[in-house]
Amino acid sequence: MVDDASSAAGIPQPLMSYTRSMIDPSSDWKLIGDYAIWSGNRRVPEEPYVLHELFDSRVLPVPVSTARAILHAIKGGTWFHVQHLFGFWMRADVDTVWVDAPGNDGHYYTLILGGSKGLPGTLSSAWVCPSCGTLLHQHSVEITKRRFEAFLNSTAAQVALFNGDNDRRVCPACNARHPASYGFLNSEPRAAANA
Amino acid sequence: MYTNIYVDEPIEKVLGDWDFMTDKIIQKLQGFAPIGDNIYGIRPVAHETSKTIDDHSPTIGLVKNRKNFEIGPKGIVEVQRKPYVAHVTMSGTPHHTQFVFGYWHINDKDEIIIPLPGVGGDPDHLMIVMGRPTGQESDRAAWYCEKCTTLLYMSEFVTGLENFRHFWRWEKSAVDSYNSEIRHRTCKECGHVNPLGYTAFHHNDTPEVREARQLW
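Chains as they are written, first to last, in this note's numbering: chain Z, 1 to 195; chain U, 1 to 216.
Please note that a few of the clues may not be correct.
Unchecked claim - Where chain Z lies over chain U, by a calculated footprint (3+ residues, C-beta under 8 Å):
| no. | segment |
| --- | --- |
| 1 | 106-114 |
| 2 | 122-129 |
| 3 | 141-154 |
| 4 | 204-216 |
The hints are simulated quantities; they were obtained by calculation from the structure and are not laboratory data.
Just so you know, these numbers come straight off a predicted model, no measurement behind them.
Every residue gets a Cβ at the ideal spot worked out from N, C-alpha and C, and that includes glycine.
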């Protein structure tokens, strides 16, 4: 891992450390070293983000922090979704850490994806029927060559497909229609973010 | 929009210990504990200064005014810890936190530290997440000369092969070994005699080691 700024002088120098701030405006995901990290915040009067996990076609909402931060590990292989941050569901083959820290003016968040050697290797996106919990349009991307961007790009393409064809949004199990979706904050138009 | 298909049971029934920031779990994470793909540690910021560390406290409460350092090509540099900012120390970077552990920790996994301020009277906490070592991946305790940054002494623990629960036993033996002979602390390059090392558990401190803890 090389620090680009120092390598400009001609001698590559190792990246010793880096930071990801929850105070700055919500940022994109970045995979550096062992972890892909996203961080951001929701200031009052915006509604807090809500983390959802999928268990047997049922949705489990993770409570929002109050006086103390919440540190929650999403087990690898679990489908999860963060309401208002991204409109699809995702699944990783490694654990994802969810940090929801309260502040005097809102909530501060970090998602940390990674930990075990060589992972994440496969990331998936899908939608969940809000009426019956059926998984729709699962799509997986191998990112074994550190191409986390490939997953981000694939979700943008999948969202465009999903929104572009009303038939794709109809659940084959119960015929309910899923509302229009949205990609990761700052990477996609956010018109449907509050759906 | 998923309220119609929400799980009926409370989250505790579905996931058990789902939030590591509860007092009960923080007690278990005072050291470090491997959970899933990562190793977690949570520390309350319990002391105003290094002078107020309680001899009998069993916990690793942090000192509020501690400083954090890393060693890189430019030598020893202080790194800031800011509230709500994740600081990621890359694998292989020697790092040391004043008053908390008296050696330079070098791991083969990246280590993430996030200071989380308390709200409404709740204490501040420090959250630590690092990858779970496998295979030959190791942890090291090293000591460098405080005057010229020459490597003085190092102990290695192959955490990936050993059970992680032996980590603290190794940490204590590494510190004891470093402290056992003054030649370990004497720089062969500049002759400076460096202070003693200390473990993360201050209730292990002898009076001499406590003095060192308050120095660096």
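Going through the hints against the structure:
no., hint, in the structure
1, 106-114, "holds (count 4)"
2, 122-129, "holds (count 4)"
3, 141-154, "violated (count 0)"
4, 204-216, "violated (count 0)"
The structure shown violates the earlier hints numbered 3, 4.
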